[in-house]
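Make the full structure from the sequences, and use the hints.
Chains F and S are the protein sequences, given in the same order.
So the first sequence is numbered by this note's numbering: it starts at 1 and just counts up by one.
So the second sequence is numbered by this note's numbering: it starts at 1 and just counts up by one.
To be clear, the hints were calculated from the coordinates, so they are not data collected in a lab.
As the structure is a prediction and not an experimental result, all values here were calculated from the model.
Even glycine gets a Cβ: it sits at the ideal position worked out from N, Cα and C.
Zero decoy hints are in this set.
Straight-line alpha carbon distances no greater than 20 Å define the calculated EDC-like cross-link-like pairs of lysine to aspartate or glutamate that follow:
1) F/K55 - S/E101
2) S/K22 - S/E51
3) S/K52 - S/D30
4) F/K73 - F/D26
5) S/K13 - S/E82
6) F/K70 - S/E101
Each pair of labels, with its calculated beta carbon distance range:
7) F/T117 - S/G38: 16 to 26 Å
8) S/M53 - F/A16: 47 to 57 Å
9) S/T112 - F/L84: 26 to 36 Å
10) S/E51 - F/S80: 40 to 50 Å
If we take Cβ atoms under 7 Å as the criterion, some of the chain S residues that face chain F in the derived model are:
11) D42
12) F45
13) D56
14) L88
15) A99
16) R100
17) G102
18) F105
19) S107
20) G108
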Amino acid sequence: AQTVTQSQPEMSVQEAETVTLSCTYDTSENNYYLFWYKQPPSRQMILVIRQEAYKQQNATENRFSVNFQKAAKSFSLKISDSQLGDTAMYFCAFMKPWGAGGTSYGKLTFGQGTILTVHP
Amino acid sequence: AAGVIQSPRHLIKEKRETATLKCYPIPRHDTVYWYQQGPGQDPQFLISFYEKMQSDKGSIPDRFSAQQFSDYHSELNMSSLELGDSALYFCASSTRQGAREGYTFGSGTRLTVV
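So, in structure tokens, the structure goes:
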């Protein structure tokens, strides 16, 4: 079974600064997908960024980028130029791909979450 | 663009009552997923359906059942409700191959059991 660990329960950052959220995972799979989801106070789950394990290039989406270290099983999220609207709970999540055995395709395993507060 | 629609948004039930949560996926999405998020916790996978058949099952209590209908909408039925069932219940949808892109969640149903 896969496990996802976020060791930072809470983080804070000043507006316009950069912050990095940590995530580690454990799996015996070689191919898989990793995601960061954002959950603002509205509780809506919003996809921030995704990474395919077989791609060495780190994913980027505007101000959001990841540092994916496959050997270390690490998947951190960097938020640049932080904005007040980035204040939210951030979840790291793991997905096993279809065909990897069993029927767990599409199931997300989430970390415990990190509460990020952006201060003006 | 159409999103995943969940109803109701809020639901208050008494212990031992029954609740039914509904989920309407994005058009042409054939796969539906249900998650339960307790207060201050991460979402936990309950169950998923692909083409109206159960495709995976997680930590779903025996008191809960779910199905996906011919129009692809899904319902989560919860009986003999307990206080611990109070949570935010999310539904998400995707195409089967599209799940790897990160699927779309609905806004959730907040269930309160009193």
